[in-house]
Structures are given as C-alpha cells and as structure tokens.
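I would like the entire structure built from these sequences, with the hints used as guidance.
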Amino acid sequence: MSCDVVKTEFIKEEIDDGDTCHQCGKIFSSKLDLSEHLKIHTGEKPFTCQQCGKSLSCKASLIDHMRVHSGEKPFTCTECGKSFACKGSLRLHLRVHTGAKPYVCQECGRTFRYLGTLKIHSRVHIIEKPFKCSECIKSFVSEDDLNGHMRTHTGERPFSCPHCDKSFTCKRSLSYHKRIHTADNPYSCSHCRKYFQSKSNLDSHMRIHSEEKPFACDQCGKAFKWSNCLKIHKLIHSGEKPFKCDQCEKRFVQESDLKEHTKIHTTEKPYLCSVCGKSFSLLRYFKNHQKTHSGVKEHLCADCGKAFTSAAQLKVHRRIHTGEKPYKCSHCDESFRQSGALKSHERIHTGEKPSQCLPRGRRFRHSKTAKAHAKKRCPK
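In UniProt numbering, the protein residues as written are 1 to 380.
Calculated from the structure, these hints are not laboratory results.
The beta carbon of each residue, even a glycine, is placed where N, CA and C say it ideally should be.
Check each hint, because a few of them may be wrong.
Said to hold, decoys possible - Here are the computed lysine-lysine pairs in the DSBU-like style, where the Cα-Cα straight-line distance is at most 30 Å:
(1) K73 to K39
(2) K234 to K132
(3) K250 to K231
Said to hold, decoys possible - Computed beta-carbon distance windows for the label pairs:
(4) C332 to E240: 13 to 23 Å
(5) E79 to A216: 28 to 38 Å
(6) L115 to C80: 19 to 29 Å
(7) I27 to T154: 49 to 59 Å
(8) K178 to E255: 18 to 28 Å
(9) E334 to T154: 28 to 38 Å
(10) I63 to K194: 37 to 47 Å
(11) E249 to T98: 43 to 53 Å
(12) I63 to C189: 35 to 45 Å
(13) S200 to C133: 24 to 34 Å
(14) E211 to T42: 39 to 49 Å
(15) Y176 to G99: 15 to 25 Å
Structural data, given as structure tokens:
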C-alpha cells in the first residue's frame with residue numbers, strides 16, 4: 001500500500017467521525033475544511049510556490065504566502081491601522097489591543113499572549129539545566145541560551161540596528177528596539193504624553209506616575225515597580241556579580257556599574273570643582289562633592305530626621321533603622337550593611353593585606369591602619 005493511499009484512508013476515517021480533528025481537537029465548520037487541516041498532521045504539502053519553491057499544506061496557505069512576494073497586506077487593524085499579509089497574523093496582533101492571553105502555564109498559572117512565549121517560559125520549570133556558564137553561577141536549558149548569555153561577559157553585540165548605531169547581545173532585544181524607529185505607537189500616557197507600542201508597555205510605564213510596586217522579593221520583602229529591578233536586586237542575596245573589570249578583577253551586579261567603574265582606571269578626570277580645584281572621573285562623584293561646598297542636604301531620613309547629601313548615603317543610613325544587612329560573607333554567617341564592610345571583613349578569611357607602608361614595606365588589611373602606622377612608626 002502506497003503512502004498516498006494510507007494518507008487518503010486516514011483523512012476519510014477522520015472525517016467519518018465528524019468535523020473535529022482527533023489529532024489536536026480543533027473543530028471545523030465543514031468536512032472540506034477538516035480535510036485541508038488534516039494535511040498538517042500527515043505532512044502532505046501539495047501546493048508549491050512557483051517563485052521560491054516553498055511547499056504548503058493547503059491552497060489558503062499558498063495564497064497567504066504569495067503575499068510575501070507581492071508585498072500585499074489586505075488585513076488592517078481597526079485599532080491602530082497596522083496591516084498584515086494574512087488573517088492569522090492580524091488575529092495574533094489584535095491580542096496586543098484586547099489584552100487576551102489564551103495560553104496558560106500548567107505549572108504556575110501564568111498566562112501568555114502567544115504560544116511561542118509560553119514555550120520559552122515553560123523552560124523555567126525544567127529542573128535540569130546542563131549548560132553552565134564558566135564565568136558565573138548561571139545555568140541554561142539549551143546551548144543557544146548559554147551562548148547568548150556569554151555575550152554579557154564578552155561584551156559581544158552582533159545584532160546591529162539598521163536605523164541607528166545601537167547593537168545588542170540578542171536578536172529579541174534588537175527586534176524590541178527597532179519599534180522606536182516606527183510610528184506604530186498607539187498607546188499614550190495621560191500624564192506625560194509618551195507613546196507606546198503595546199498596552200503592556202504603557203501599563204509598565206504608568207508605574208512611574210504611581211506608587212504601585214507589584215514585584216516583591218521573596219527573601220526580604222522589598223518591592224519594585226518593574227520585574228528587571230527585582231531580578232537585579234536578587235543578585236544581592238545570591239552574591240552573584242557577573243560583570244568583571246579587566247583592570248582590577250572587581251566584579252559588579254550590573255553592566256552599567258562596570259562601565260562607570262572602568263572610568264576610575266583612566267587618568268582622565270574631566271569634572272573640575274571650581275571651588276577647590278578637585279577633579280573627578282565620574283559626574284555623580286562630582287555632583288556629590290559639590291554638595292559638600294553648598295551644604296545642601298536634601299535627602300532626609302523619615303525615621304530620625306538626619307539629612308544627607310545624596311540618595312545613596314540615605315539608602316545606606318536607612319539600613320540602621322530597617323536592620324537590613326544585604327551583604328553576606330561567603331565564608332561565615334556574618335552579614336553587613338555596606339559592601340565595603342563586607343570586603344574588609346572577608347580579608348580576615350583570605351589573609352589579603354592590600355595596603356602597604358612604603359618606608360618599611362609592611363602590609364595591612366586596611367588603608368587607614370597603614371596610614372596610621374606610617375605616621376606613627378615611619379615618620380619622614
């Protein structure tokens with residue numbers, strides 16, 4: 001019996017049982033539509049494009065495909081005016097406006113707009129992640145995911161925007177970025193008149209104008225407006241610092257922090273204080289320094305009323321009231337309010353003594369101890 005006969009008998013048997021596909025459960029209004037649909041499961045593709053040779057399972061799919069060559073886009077969205085080559089693409093696009101998320105994760109109940117997004121998400125529930133990063137503690141389900149992640153360490157950005165000089169580590173980020181060059185931004189913010197491509201992007205932006213913080217850390221309870229901020233925060237608890245400085249081996253949680261830090265290693269200090277002549281490599285250091293001359297302390301602690309020149313100083317101070325000690329020693333159970341205190345403490349375990357008294361060459365764990373020793377024991 002030939003393959004064609006087997007396929008024909010399979011199709012007839014399915015149609016005899018009604019207008020429901022027994023392979024995927026899809027229901028059709030006619031036996032003809034069901035017959036066309038069943039070719040998807042049999043793999044039969046009798047309709048061939050004369051321009052590129054691509055084969056398709058049904059005539060309707062061929063008609064839709066031909067519009068790729070002609071550029072015709074007859075299906076227009078009534079909400080934003082965007083046009084599509086086939087009805088299926090329009091149907092998927094409409095979910096952006098309706099907010100429909102028909103695909104549900106069976107593990108956690110989270111919903112998704114597209115099946116492909118659900119498939120990507122489902123990987124987080126897979127326990128086995130055999131592809132491990134040699135630079136940090138992260139591991140991945142596939143080799144492609146690992147290769148994409150490795151670019152955060154190497155700095156490689158192979159995906160370039162054709163409209164501007166920006167480049168990205170992954171194709172998905174490039175696709176998202178390219179939207180800023182199009183006029184397809186139908187959702188506007190009522191507070192600042194910014195425009196957005198989707199309702200979800202607008203909803204995310206609106207948190208700037210509200211106090212809503214839906215993303216909470218399950219370890220310390222701290223809440224954030226955006227999921228990426230929570231993701232970065234969690235690295236404090238894990239101790240992971242994936243971005244390493246090539247000059248001094250210092251590691252950072254974020255790439256932006258590493259970029260700021262690398263300026264310390266350059267001799268260039270373009271920010272000059274007109275009051276005392278001191279110069280700085282980073283603008284934020286310069287701005288904080290200026291406040292020491294002006295006496296302005298605009299950052300006020302709500303608990304004790306103490307004022308600080310910068311938000312960073314207030315943030316560290318607030319830990320006295322909250323008891324938060326996010327910096328944990330990897331050698332013992334001690335934890336600290338500041339990263340500098342942790343670094344100083346860890347030298348007890350490592351035996352590191354980076355500060356040296358130059359006249360006699362004696363080494364110390366802390367620069368203050370070395371300076372005090374030099375002043376007392378090694379006078380010039």
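A quick look at each hint next to the structure:
1. K73 to K39: Since the Cα atoms of K73 and K39 sit roughly 26 Å apart, the hinted pair holds (cutoff 30 Å).
2. K234 to K132: The hint holds at about 19 Å.
3. K250 to K231: holds, 21 Å
4. C332 to E240: 13 to 23 Å: Since the Cβ atoms of C332 and E240 sit about 19 Å apart, the hinted range of 13 to 23 Å holds.
5. E79 to A216: 28 to 38 Å: Once the Cβ atoms are compared, 33 Å apart, the range 28 to 38 Å for A216 and E79 holds.
6. L115 to C80: 19 to 29 Å: Holds - the Cβ-Cβ distance for L115 and C80, about 23 Å, lies within 19 to 29 Å.
7. I27 to T154: 49 to 59 Å: holds, 50 Å
8. K178 to E255: 18 to 28 Å: Once the Cβ atoms are compared, 21 Å apart, the range 18 to 28 Å for E255 and K178 holds.
9. E334 to T154: 28 to 38 Å: holds, 34 Å
10. I63 to K194: 37 to 47 Å: At roughly 40 Å between Cβ atoms, K194 and I63 fall inside 37 to 47 Å, so the hint holds.
11. E249 to T98: 43 to 53 Å: Holds - the Cβ-Cβ distance for E249 and T98, about 51 Å, lies within 43 to 53 Å.
12. I63 to C189: 35 to 45 Å: holds, 40 Å
13. S200 to C133: 24 to 34 Å: holds, 30 Å
14. E211 to T42: 39 to 49 Å: violated, 57 Å
15. Y176 to G99: 15 to 25 Å: At 19 Å between Cβs, range holds.
Hint compliance for this structure: hint 14 is the single one not met.
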